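With the hints as constraints, model all of the structure from the sequences given.
Protein chains in written order, with this note's numbering: chain R, 364 to 546; chain F, 30 to 335.
Hints are computed from structural coordinates only; laboratory data are not their basis.
Predicted, not measured: the structure shown is a model, and the values here were computed from it.
Virtual Cβ for every residue (Gly too), placed ideally from N, Cα, C.
Hints are supplied without guarantee of correctness; some may be wrong.
Claimed, not checked - In silico lysine-lysine, DSBU-like type, Cα no more than 30 angstroms apart, as pairs:
1. Lys506/R <-> Lys538/R
2. Lys302/F <-> Lys456/R
3. Lys506/R <-> Lys326/F
4. Lys266/F <-> Lys326/F
5. Lys449/R <-> Lys538/R
6. Lys538/R <-> Lys276/F
7. Lys418/R <-> Lys276/F
8. Lys544/R <-> Lys276/F
9. Lys441/R <-> Lys418/R
10. Lys543/R <-> Lys276/F
11. Lys302/F <-> Lys418/R
12. Lys276/F <-> Lys110/F
13. Lys449/R <-> Lys544/R
14. Lys305/F <-> Lys418/R
15. Lys449/R <-> Lys418/R
Claimed, not checked - Using C-beta positions, here's what the derived DEER-type ranges look like:
16. Pro127/F <-> Glu528/R: 24 to 34 angstroms
17. Val472/R <-> Glu150/F: 47 to 57 angstroms
18. Arg325/F <-> Trp471/R: 45 to 55 angstroms
19. Val163/F <-> Met408/R: 44 to 54 angstroms
20. Arg262/F <-> Gly450/R: 36 to 46 angstroms
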Amino acid sequence: MIPTNIGKKIAVALAVLAVLVAAVYLIPRLRTKGPAEVQKVSEEMRAVTIFFGNKGADGFVTETREVRVADGFEDQVKLVLAELIKGSNDSNKFSAMPQGTELIQVFWVEDTQTLLLDFNGAFSTNHPGGSAGEYYTITNIIKTISANFPQVARVQFLVEGGAVESIAGHYAADKPIDVKKWR
Amino acid sequence: MEHDAYLFFDVKRSVLRYRIEFGGDEASDASAGETKALRKLVLFLERGKLPEIPEADFAGKKMVELLNEGAKRKIIEPVRKIALDPGHGGSDIGRMSPSGTREKDLNLQIALMLGDRLREELGVDVVMTRGEDVLVPLNERVEAANTAGAELFISIHCNGWFSTDAEGFEVFFLAPARTEEEAQLARDENASIAYETGSSAAVGDDDIDFILWDMVQNEYLNESSDLAEMIQREMSKVLGIRNRGVKQTGLRVLKGLAMPGVLIETAFLSNPKEEKLLLSSEFREKIVEGVIEAVRKFQSRYNEKG
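Laid out in structure tokens, this is it:
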């Protein structure tokens, strides 16, 4: 019989060897497959331009943001408008998005190049009013869409799935807005 | 000849120009014995004086030529009736200041005061799109002014922004969404797609209505622009707040107006200094004074032409 302490030493040596062998084979694979792939996905970013109204409500200011490249067109629009809804840290930049605004769904009608943006009720009911406020709410969206998605010719606003006469009582929202003609 | 149905229009004013449009399946070609669908008949009338045409020339000229002659001699009616439109109302509060001042109340106060003074000082009739705290849809405000046969439309509002920094007054008139050529293109496109597909309409009838109604105000853009500039100039003399100028946008309440129309944003309720001003009757009187002086100037410019 092998004395116990020698047997233990052999067992430990075999275990260390097994770990080493595993390390030699597995670590390079982990390096190339695991973390490297995650890194690659997060690198697929796109620079986008977001439009804001200035603090005096008499001009536009832009900000460049990085957003993830999405799988589909609608998802990409959602990611870009999420940046507008998020607002800016700059005290001279106002998104003019009412409190609690959420973009629920985006639909793209390729035949007519019309983008339908379906917002939650807060988009209209929480709007603080004023034609300047409403003008920038609409125009920040239109300009942001136009700058980043030139294929969009028209934008139709929806609130909770349906068309509304107006967001805050000054501008018509019941028909699609012609992106190029909006002023 | 017997008819199943007929429409009778009693036009009380002289008509300068008119255009008739048929919708449906070539309804204008329907002759005796044929059945064709007429789904829409639109009659556009433009107020004005008819050109004087010597009797002898009449027989040889096409109606189109006569109408074109009339268009060249377009005359704006003297201002005798003004439509005033206090913005918002009822459940639509408009802007509310942090201290609780409601835009709809101020708009109504200013418009009522303006209406009284217009009657007293200029001797004009005044039509209010709302005279109390009720919600009137934007299209009904336009319809009310058109139906009343007003010669001017003035909408009164207070402005609002997401910070307290924005200040001043501004005057708007309509930016045309479509030109005549674009509207015609839309109609042609509609007809050709309908022909190709056999469907009744590719662009919906509602869209065509929308395009046509957009264009009604196009006829008055020069006069609307003049009125906006006059109001801006006169208000600037008396108000003592920042003049943000005359602006042209697609405000819904100015679309479809068959008369010159403007919208005045008197001051910012989101700005505490301007809210205080709006709450003072002295400042509101200054607004009224500025508008009355502008209407007086507009009247003298266009009434002389008439």
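Hint check results:
1. Annotation: proposed proximity of Lys506/R to Lys538/R holds, straight-line Cα distance about 18 angstroms (limit 30 angstroms).
2. Annotation: proposed proximity of Lys302/F to Lys456/R holds, straight-line Cα distance about 22 angstroms (limit 30 angstroms).
3. Note on Lys506/R and Lys326/F: the hinted pairing is violated, with a Cα-Cα distance of about 38 angstroms set against a maximum of 30 angstroms.
4. Restraint check for Lys266/F and Lys326/F: satisfied, since their Cα atoms lie roughly 14 angstroms apart, inside the 30 angstroms limit.
5. Straight-line distance between C-alpha atoms of Lys449/R and Lys538/R comes to about 26 angstroms, which keeps the hinted pair within the 30 angstroms bound.
6. Straight-line distance between C-alpha atoms of Lys538/R and Lys276/F comes to about 22 angstroms, which keeps the hinted pair within the 30 angstroms bound.
7. Simply put, Lys418/R and Lys276/F have alpha-carbon atoms about 19 angstroms apart, close enough for the 30 angstroms limit, and the pair holds.
8. For the suggested pair Lys544/R and Lys276/F, the alpha carbons sit about 15 angstroms apart, so the restraint of at most 30 angstroms is met.
9. For the given pair, Lys441/R sits about 25 angstroms from Lys418/R by alpha-carbon distance, which is consistent with the 30 angstroms threshold.
10. Using a Cα cut-off of 30 angstroms, the hinted pair Lys543/R and Lys276/F holds, with the two alpha carbons roughly 18 angstroms apart.
11. Between Lys302/F and Lys418/R the alpha-carbon distance is near 16 angstroms, which keeps this suggested pair within the 30 angstroms criterion.
12. Restraint check: the Cα-Cα separation between Lys276/F and Lys110/F comes to about 25 angstroms, which is no more than 30 angstroms; the hinted pair holds.
13. Straight-line distance between C-alpha atoms of Lys449/R and Lys544/R comes to about 27 angstroms, which keeps the hinted pair within the 30 angstroms bound.
14. A C-alpha spacing of about 20 angstroms is found between Lys305/F and Lys418/R, which places the hinted pair at or below 30 angstroms, so the restraint holds.
15. Pair hint Lys449/R plus Lys418/R holds up; C-alpha atoms about 17 angstroms apart against a cutoff of 30 angstroms.
16. The beta-carbon spacing between Pro127/F and Glu528/R, approximately 27 angstroms, falls within the hinted interval of 24 to 34 angstroms.
17. The hint said 47 to 57 angstroms for the Cβ distance between Val472/R and Glu150/F, and at roughly 54 angstroms that hint holds.
18. For the hinted restraint 45 to 55 angstroms between Arg325/F and Trp471/R, the CB-CB distance of approximately 53 angstroms keeps it satisfied.
19. Between Val163/F and Met408/R, the C-beta spacing of about 52 angstroms keeps the proposed range 44 to 54 angstroms intact.
20. With their beta carbons about 37 angstroms apart, Arg262/F and Gly450/R fall inside the hinted range of 36 to 46 angstroms.
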